[in-house]
Amino acid sequence: MSGESTEDRSAIAAADSDPFKQDWPTSAKFGVSAAHLHALGAISLSYNRLEACLGILFADLLRVDRELGDSFNHRMTTDNRLDALTTLVNQKLKGDHAECTLYALKCFKICSQNRNTLAHIVEYYLPKATGELLIGSKKNSQKTRDMFFALSVVQLRQVADDILRTYDLLMALGLYRFREWHEKYYPPGTPMNALDAAIEKAGPNRLPDRPPLPQVLKDIPI
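Here the sequence shown is numbered in this note's numbering, starting from 1 and rising by one per residue.
Just so you know, these hints were derived from the structure itself, not from any lab. This one's a predicted model, so the numbers in the text were calculated from it and none came from an experiment. Be a bit skeptical, because a hint or two may be false.
Unchecked claim - For lysine to any residue, the following SDA-like pairs were computed, each having C-alpha atoms within a straight-line distance of at most 20 Å: (1) Lys-218 <-> Gly-131; (2) Lys-109 <-> Leu-88; (3) Lys-106 <-> Gly-131; (4) Lys-106 <-> Ala-52; (5) Lys-218 <-> Leu-88; (6) Lys-218 <-> Asp-168; (7) Lys-109 <-> Asp-219.
Work the whole structure out from these sequences, hints included.
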């Protein structure tokens with residue numbers, strides 16, 4: 001038996017029947033446009049997926065199971081986990097593989113900085129004349145003072161796109177590691193399971209292309 005009330009079920013049914021015509025949350029409640037809310041939601045959801053990729057990287061580099069890799073990942077601050085992963089990459093990986101993985105970590109650091117800026121919003125205002133979201137973001141471990149930004153919908157969408165591109169890069173590197181190590185530890189002729197067969201069918205193993213480096217959100221000098 002679910003904990004949903006009759007009102008909950010009615011709201012869900014209404015949204016599911018025609019989600020694009022439901023005006024929730026209403027822009028008037030938040031003082032920003034629906035496009036801004038959509039972009040901020042995309043950033044939040046996509047960053048959670050991106051952060052989980054570091055747990056996979058920990059597990060692969062330490063040769064432990066994914067659950068333990070996630071535990072290492074979530075017990076550390078962003079700076080500590082990036083320092084630890086950089087050390088592990090330099091120890092465990094070589095050549096272009098190491099360079100591409102270090103580049104992915106650099107992308108992650110910028111994505112994390114941008115997401116943290118938006119996660120610490122304490123005030124905002126949307127002037128109709130410019131369409132830019134004016135925000136104040138509280139200082140945290142990476143900032144020594146409160147900061148202010150003027151962000152367009154295009155800029156917010158770019159933050160989300162950068163996060164997703166970095167996610168794709170880290171996932172592609174995970175597949176590359178799997179295939180490289182599979183070939184190393186399982187000689188030709190080893191019986192393949194369905195996953196092995198699907199991976200082999202994908203063609204020669206190659207490092208993924210690197211996306212453009214994300215841009216750090218710039219604050220307004222005050």
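Hints versus structure:
no.: 1; hint: Lys-218 <-> Gly-131; verdict: holds (17 Å)
no.: 2; hint: Lys-109 <-> Leu-88; verdict: holds (16 Å)
no.: 3; hint: Lys-106 <-> Gly-131; verdict: violated (31 Å)
no.: 4; hint: Lys-106 <-> Ala-52; verdict: holds (16 Å)
no.: 5; hint: Lys-218 <-> Leu-88; verdict: violated (31 Å)
no.: 6; hint: Lys-218 <-> Asp-168; verdict: violated (25 Å)
no.: 7; hint: Lys-109 <-> Asp-219; verdict: holds (17 Å)
In this structure, the earlier hints numbered 3, 5 and 6 are contradicted, and the remaining ones agree with it.
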